[in-house]
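Fit chains X and R to the supplied structure of chain L, relying on the hints for placement.
One letter stands for each residue in the lines below.
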Amino acid sequence: MNGVKINKKEPSISMSRRTLLSSMGALALFGMDSFFSYTWASIELDQTLEELLVNKISEDSPSIILNLPNLVYDGSRVPFSIEVKSPMTETNYVRQVHVLAEHNPFPRIATFHFTPLSGKAFARTRIRLSKSQHVIAVAELNDGSILTARKWIEITLNGCKED
Amino acid sequence: MVKPKLRVKAPKEAHRGEIVEIMTLISHPMDTGLRKDQDGILIPRKIINKFICIYNGDIVFKTNMHEAISSNPLIQFNFIVKESGTLDLIWHEDGGKIYSTSRNISVH
Amino acid sequence: MKNITRRKFYKIMGTFGAVTALENLGRGPTLLLAAVRHVVVIGGGFGGATAAKYLRLMDPNLKVTLVEPRRSYFTSPFSNQVLGGMKTMEELTYSYKILQRKYGINVVHVAATRINAVSKTVLLQDGKSLTFDRVIVAPGIDMRFDQIENYKPEDTDLIPHAWKGRPATLRLLQQLESMPNGGMVLICPPALPYRCPPAPYERASLVAHYLSQHKPRSKILILDAKEQFPKQALFSAGWKSLYGRMIEWFNGSAGGLILRADAKNMTVETEFGIEKGDVINLIPAQWAGRIARDSGLSDESGWCPVDQLTFESTLLPGIHVIGDAAIAGAMPKTGFSANNQAKVTAAAVIALLKEKEPTSYSISNTCYSFLAPDYGIQVTSEYQLSGRKLVKIKGSGGVSPLNVDLSVRYSEAVSAQRWYDSITQDMFG
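Residue numbers (our numbering), protein chains in the order written: chain L, 230 to 392; chain X, 17 to 124; chain R, 189 to 617.
A few of these clues could be false.
[Claimed, not checked] Computed, partial: chain X to chain R, Cβ under 7 angstroms: (1) K28; (2) H31; (3) M39; (4) L41; (5) S43.
[Stated by the list, open to error] Examples of chain L residues toward chain X, derived with CB under 8 angstroms: (6) P316; (7) T340; (8) K349.
[Claimed, not checked] In silico lysine-lysine, DSSO-like type, Cα no more than 30 angstroms apart, as pairs: (9) L/K360 with X/K66; (10) R/K290 with X/K52; (11) L/K349 with X/K28; (12) X/K66 with X/K52; (13) R/K428 with X/K113; (14) X/K98 with X/K25; (15) X/K19 with R/K290; (16) X/K98 with L/K314; (17) X/K25 with R/K452; (18) R/K414 with X/K25; (19) R/K414 with X/K19; (20) L/K314 with X/K66; (21) X/K28 with L/K314; (22) L/K380 with X/K66; (23) R/K407 with X/K28; (24) R/K428 with X/K19; (25) R/K407 with R/K452; (26) R/K428 with X/K21; (27) L/K380 with X/K98; (28) X/K21 with R/K403; (29) X/K66 with R/K414; (30) X/K52 with R/K582; (31) R/K407 with X/K19; (32) R/K290 with R/K531; (33) X/K98 with L/K349; (34) X/K28 with R/K403; (35) X/K113 with R/K414; (36) X/K28 with R/K464; (37) X/K21 with R/K414; (38) L/K360 with X/K98; (39) R/K285 with X/K19; (40) R/K414 with X/K62.
Calculated from the structure, these hints are not laboratory results.
Even glycine gets a Cβ: it sits at the ideal position worked out from N, Cα and C.
So here's chain L without its partners, still in its complex pose (with noise of 0.2 angstroms):
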């Protein structure tokens, strides 16, 4: 597993797309080298984030599962679950799964790392979300391909307040 790969298979690519990709193929490739140490801080974060900000993403991939409420009274702790129905074994498998929030004042939430261990790509926690927005998903596959997905939730009471 070296290089970049950018899933081919995605029709019509739009310039904001394309740097989305780079920029997410970087970051698999850094991801490779430091497996520890990885932060998205050292890309371009900015650009690739406000690309995912401004809905310029085309569709949502059916394969990836975003388990959210609707609707919450408080954003300080919302039940969260991801899965990506992918098989996992050593040649096909998810790697990595971000999560954003568009409008928290810091954007990201977690980024999950599977291996062909994990059996899925599956995991579970619970989120601060400030206001009504989208949460979104970017999985990042072993091939380099990536799928997102999003999911509106409202809320009613700010998160990141919490005591």
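Coordinates of chains X and R only, in the frame set by chain L:
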């Protein structure tokens, strides 16, 4: 700060090749750096920023966590148990502190 | 009557005492004695029994009827001692006979089903009704079955709350006695507000006392809906020194909050998965006793808003709500609170009947908790009216100190017993 409490739910036994479910929780305020204390002074950021799960020396799952993970971070994930062994669970805190615990799983 | 303010209405009623008689005509022979004012008290617990007695003590001309279906009363305070093997159920059971004989209270052992603020009547289960000039409602609590998935009234046999009444406490006691050494006891307290906030932790302590003597390999897991609990530092330190690692506590966000119950399989479910218990003491969320809710005295919270000067309902005139069911500002829902509120309310009711201004007051509450038979701790607070809301008086009261000699804990245990003896004497003696 009080020493974080670690909670882990992992099976004690599994079949060979079984995908088991692991649930973990560390009691931690996950201070975002945005909140002020009673005197109006910003509480510096201190979060659990990484969680790593190693089984018999192999990383099976890892998470980078940011400010948007709720206090008392709960992480649930799965992995395939191929042989009996030890599951090491490691939490990294801002500033370099590490909290860890382990569980044994026996394959039958 | 809608256009007459409440105060004007009292005035009319007072000036024209005969109006009362006229209004009541045709409802029964007692009305010929209309000059005698009649106060009905619904519920014979810490609030109601005290209110009935003090109404008669403060105004012997008043006719007082206490409506309480049970023939005897089992006190929730100190009932954890039954679970700890320190007291029998009989020692905590009181009769209404003295209230009847010594204080001339008319005690009616039937359930009240509805209060009508307009006709000023209380409907009773037996079809009869009582007419009142004012009514004090002390209905206590009912358990809520709408907060935890799959938790139903019939489940309380298998997973008893033991939060009110003799039978529920007895069921929990029997389960503790029959569980194996090495078993797991789950205690699951709800979020505030609920009856007696420190009591789940006293319960954990006294159950641990019993288990450490009879089933020392057992464990107690407290799965709490809350993030912290009253007197937490004192309880935590006491548990460690008395019971080692027998008691473990998890706050709501650390997997303590119960989402689902399965009485048949003896499990509860939290965000952190399923916990199995040999004994499960699920203490559910609560709301005002049914009579209050059925009569329109509760708001969307399930509790009853009152004018905290008089404890008169802000929803319906002429009806006072006291004790656990009332929203009493900063006061916690305890037997002692109810007892003190009853006295304030008795005085206010008498003042209002005589069309006098009810007087302001301050009021206190003490919660004692036992961690072991000779180990007591307490928290005391005083409250006063700010406008018409009860607020805690800054700097009042206090909590038992940490890190003191066991003799201090012993003397607080003795004080606690004295408190119990005197408050039950105050209610029933």
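Legend entry - Violating hint indices (sorted, rising): Of the numbered hints, 1, 2, 6, 10, 15, 27, 38, 39 do not hold.
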